[in-house]
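J.: Chain by chain, the residues run as shown.
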Amino acid sequence: MGRRAPKVDGLTEAMEAILTAHLEGSGASAVDVAKRIGLPLEEAEDLLRKGQEDGLILLEGGQYKLTEKGIEAVREHRVRFVHESYGHGRGPLGYLRRLLEGDVGDLPFHLQTKHEIDGKAIEEISATRGAIEDALPLSELREGESAIVLYPLGGFGLRRRLIEMGLTPGVEITVLRRAPFRGPIEVGVRGTSLALGFGVASKVIVRRLGV
Amino acid sequence: MAKEEATIALAGNANVGKSVIFNQLTGASQTIGNWPGKTVEKAEGTLFFMGRVLRVIDLPGIYSLSTFSMEEIIAREYIATGRPDVIVNVVDASSLERNLYFTLQLLEMEVPIIIALNLVDYASKKGIRIDAKRLSELLGVPVVPTVAITGEGIEELLRTVIDCLDGKIKVSRRTFKGKEVERVLGKLSKAIASDLPEMAKLYPPRWIAIKLLEGDEDIEGRARSHENGPRIMALVEVAREELENIHGEPSHVVIANERYGFANRIAKEVTRFAPAPRISMEDRLGYITAHRILGYPILLAVFASIFWIVFVVGGYLSKIFDALFEDLVIPLGEGIMGTILQGGIAEFIANGVLAGIGAGVSIALPFIIPFYALLAILEDSGYLPRAAFLMDNLMHKMGLHGKAFIPLLLGFGCSVPACLACRIMERDRERFLAAFVAILIPCAARTVVIMGLVGAYLGLLPALGLYAFDLALVLLVGRIAYKALPGEPMGLIMEMPPYRMPSFRIIIKKTWARTKSFACIAFPYIVGGSIALEAFRIVGWLDPLSEAMVPLVVWWLGLPKEAGVTLLFGILRKELTLILLATLAGTANYAEILAPVQMIVFSLVAMIYFPCIATVAALAKEFGWGKALATALFDIGLAVLLGGLAFRILYPLL
Chain A
1 MGRRAPKVDG
11 LTEAMEAILT
21 AHLEGSGASA
31 VDVAKRIGLP
41 LEEAEDLLRK
51 GQEDGLILLE
61 GGQYKLTEKG
71 IEAVREHRVR
81 FVHESYGHGR
91 GPLGYLRRLL
101 EGDVGDLPFH
111 LQTKHEIDGK
121 AIEEISATRG
131 AIEDALPLSE
141 LREGESAIVL
151 YPLGGFGLRR
161 RLIEMGLTPG
171 VEITVLRRAP
181 FRGPIEVGVR
191 GTSLALGFGV
201 ASKVIVRRLG
211 V
Chain B
1 MAKEEATIAL
11 AGNANVGKSV
21 IFNQLTGASQ
31 TIGNWPGKTV
41 EKAEGTLFFM
51 GRVLRVIDLP
61 GIYSLSTFSM
71 EEIIAREYIA
81 TGRPDVIVNV
91 VDASSLERNL
101 YFTLQLLEME
111 VPIIIALNLV
121 DYASKKGIRI
131 DAKRLSELLG
141 VPVVPTVAIT
151 GEGIEELLRT
161 VIDCLDGKIK
171 VSRRTFKGKE
181 VERVLGKLSK
191 AIASDLPEMA
201 KLYPPRWIAI
211 KLLEGDEDIE
221 GRARSHENGP
231 RIMALVEVAR
241 EELENIHGEP
251 SHVVIANERY
261 GFANRIAKEV
271 TRFAPAPRIS
281 MEDRLGYITA
291 HRILGYPILL
301 AVFASIFWIV
311 FVVGGYLSKI
321 FDALFEDLVI
331 PLGEGIMGTI
341 LQGGIAEFIA
351 NGVLAGIGAG
361 VSIALPFIIP
371 FYALLAILED
381 SGYLPRAAFL
391 MDNLMHKMGL
401 HGKAFIPLLL
411 GFGCSVPACL
421 ACRIMERDRE
431 RFLAAFVAIL
441 IPCAARTVVI
451 MGLVGAYLGL
461 LPALGLYAFD
471 LALVLLVGRI
481 AYKALPGEPM
491 GLIMEMPPYR
501 MPSFRIIIKK
511 TWARTKSFAC
521 IAFPYIVGGS
531 IALEAFRIVG
541 WLDPLSEAMV
551 PLVVWWLGLP
561 KEAGVTLLFG
571 ILRKELTLIL
581 LATLAGTANY
591 AEILAPVQMI
601 VFSLVAMIYF
611 PCIATVAALA
621 KEFGWGKALA
631 TALFDIGLAV
641 LLGGLAFRIL
651 YPLL
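Protein sequence lines correspond, in order, to chains A and B.
Mapping of the first sequence onto my numbering: residues 1 to 211, in sequence order.
Mapping of the second sequence onto my numbering: residues 1 to 654, in sequence order.
Here chain A stands alone, though its shape is the one from the complex:
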């Protein structure tokens, strides 16, 4: 069962798919896009046409690409998603906190000052392969589940430390054990096991495998 954020419009999903194809260096024909987002070809083509009309997507030699405006739109969507999903915690409490906070204005600035998600992290978020909606913090994995690391968030020092300990983008990890009450999480990575505090684990964004 793939977990999907409630309100993702099809166009954004298609744009995510084009971006991922571009990042992976593979083709993004209408068929590829349809396959990636799991829609019938006609529906995908409708979405792509709409994207072209809005100036977000352009077609070049049978391959779809994002325009500058399109890249910006995906980026904004991803940053917003990360903020809404991880910034204030998930679930009803996070929702309440976001409500109380009101309009944050400049989102990247807000992320940096409030949530330690700085420009570098946003760049990493923008460069993530796969739909952003499939991303979740490592701390939400259950015991025994495996995942691919997308990017570690947090300050530069923490991020570098995590990467040095082997949690590089793209590496596969398995949750070996979780301590009770938001305690640390033990993960298997690169043949060793690593204990991560709950706070640290919630800053490692992953994509769940084998569900």
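Please note that the accuracy of each hint is not assured.
Claimed, not checked - Here are a few chain B residues that face chain A, going by a calculated C-beta distance under 7 Å:
| hint | residue |
| --- | --- |
| 1 | Tyr63 |
| 2 | Arg98 |
| 3 | Gly248 |
| 4 | Ala256 |
| 5 | Asn257 |
| 6 | Thr289 |
| 7 | Arg292 |
| 8 | Asn393 |
| 9 | Gly491 |
| 10 | Met494 |
What the hints assert, rightly or not - Across the chosen pairs, the derived CB separations fall in these ranges:
| hint | chain 1 | residue 1 | chain 2 | residue 2 | range |
| --- | --- | --- | --- | --- | --- |
| 11 | B | Arg231 | A | Glu43 | 52 to 60 Å |
| 12 | B | Glu269 | A | Arg142 | 32 to 40 Å |
| 13 | A | Asp54 | B | Glu237 | 30 to 38 Å |
| 14 | B | Cys520 | A | Phe109 | 26 to 34 Å |
Quick caveat, the hints were computed from the structure, so don't treat them as lab data.
Small disclaimer: the values here were computed from a predicted structure and weren't measured.
Note that the Cβ used here is the ideal one computed from N, Cα and C, for glycine as well.
Chain B: place on chain A using the hints.
T.: For chain B alone, kept in the frame of chain A given last:
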């Protein structure tokens, strides 16, 4: 003819058996000290092999050569500027990929390396076989399989070291980066070699280039301060952008990825997996001891038994040491002094110096030695990380993470090693915070006071209540200090090593080395303080002092006048408060001296008021005198405040 004396540095990740190899190499000759000006342990030793004198230096166990922790900075600086003749990189054969990440970083520094492929026995038990020859071919450095604990392969390792010293083995200049990265690095290092000649003399230009791409603050700062710095940094910016455009990831991630990519490929190529072994005893132990429910009772049982053993063995040793000291050393000392010196001075020395040493020998050491031995067993078996894992949550309440549990645990034995153990925390802020709360934990001496007074006269329950109050206080003070100290708390990132059988020899050596370093820190202060107080007594300052303390001791705390002087003496060792009280009052029946409420107040104050002089010395050593004295003053204030309040609250009740 090669030079006669050579230096070997041992480098590698934590938990790979580096210190075991160090012990095998150096035997009893080792000395444990500090790196100059730093609170990071430096172990050194010498050995003789094939007519050579080899100086062996054990570098701190680290995962990378960046500037994340003091250990890493020290290891890096030593490798770059200390110029060891050979670096022995100890590698865990059962976890090759992670270990090779560090090896690749060493290779970047372009220094002579020999790999000690350790724990091959353990790896083969896990069904992992490493082709050492192939590994050596791929990396271009000698690889010697070892089983450090039995000494297997150590001689071969030394022979390889000698070959290396004789110049028979060349430094590997193999590079392990992708095409684009190498191209960028090539360009950058050429510019560095010509524009930053001073730095290029200290470090290889290619290494500087890598560090600049990684955004290493230390190297970047040094490059910037050079007159050509801005030009180089502009080039670095361009190079970073280039890499980020190609790989779609920040350059520090690109470089880490390349290293891990190579480590992964190399590890895959040299590793042969035997049929999957059955779940081992160690795995099962690992599962159950960190279990989300069962783990906690096991934790409790482990530590309860440790305290039980420490107090039984310690009490027994204490009696023996005390008797030896009282019956043998003191009369002997007095006798010798008496024949040489005048009576007054002889008595002064006997009371001052001998009593000071006696205090250390008969109270601190008996509890410290078994505690250190048990701690070494816990450490070498791999249980401590499990305990840290289980306690992480609670430690976070004080702005610390799970590893801080280890100094807190040590605090139950003695505050001095607890202060020293705070070095396992990564940053200064956490180090101090951990020490600040660890010294409030009731140590063995304070337990003697609580048990000897409240426990003996009022019963076990009030004594345990006092204990519980202290632990609650630790949590509370820790929480306040955490909120008061500026800075963000740091999360736990800790490797969980597999369980291993500890070696008896290593345990003994560790215990001995630590006891020695404890004695070096604590004894001079205990003896010095003892002499000072004895001098006070002879000059006749004690009575005026206790008069001066009347408002505080009698009016505020509600204690008898004598308590003031005994609390003063308690600075030397906490249990002296109790012993002296009996001496001054002329009776060992405390019920005649103190009312129940006074017993509680007295114990409470003795428990909190001042970390003993040895602890202050240890604090000063780790954090400087300013912080040490501030901490002491805070604790005195806290004790006086709580003691007075306790008196006022409990008096009507009891």
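J.: Given Gly248 of chain B as an interface hint, is the shortest Cβ-Cβ distance to chain A below 7 Å?
T.: 4 Å, holds
J.: Interface hint check: Gly491 of chain B, Cβ to nearest Cβ on chain A, cutoff 7 Å. Holds or violated?
T.: The hint holds - Gly491 of chain B has a Cβ within 7 Å of chain A, the shortest such distance being about 3 Å.
J.: Is the shortest C-beta separation between Arg98 of chain B and chain A less than 7 Å?
T.: Cβ of Arg98 of chain B sits 5 Å from chain A, so the hint holds.
J.: Evaluate the given range 26 to 34 Å for the C-beta pair formed by Cys520 of chain B and Phe109 of chain A.
T.: Because 53 Å falls outside the window, the suggested range is violated.
J.: Please verify that hint: Tyr63 of chain B, Cβ, nearest Cβ of chain A, below 7 Å or not.
T.: 6 Å, holds
J.: Quick one, is the Asn393 of chain B hint okay against chain A at 7 Å, beta carbons?
T.: 4 Å, holds
J.: May I ask you to test the interface hint for Ala256 of chain B with respect to chain A, counting a Cβ-Cβ separation under 7 Å as satisfied?
T.: Check passed: Cβ of Ala256 of chain B comes within 5 Å of chain A, closer than 7 Å.
J.: Within 30 to 38 Å: is that where the Cβ-Cβ distance between Asp54 of chain A and Glu237 of chain B falls?
T.: 35 Å, holds
J.: Could you check if Thr289 of chain B really has its C-beta closer than 7 Å to a C-beta on chain A?
T.: Violated: closest Cβ of chain A sits about 11 Å from Thr289 of chain B, beyond 7 Å.
J.: Measuring from beta carbon to beta carbon, are Arg231 of chain B and Glu43 of chain A in 52 to 60 Å?
T.: 55 Å, holds
J.: Using Cβ atoms only, decide whether Met494 of chain B comes closer than 7 Å to chain A, and label the hint accordingly.
T.: 5 Å, holds
J.: Within 32 to 40 Å: is that where the Cβ-Cβ distance between Glu269 of chain B and Arg142 of chain A falls?
T.: 34 Å, holds
Hint check: violations occur at hints 6 and 14; the rest are consistent with the structure.
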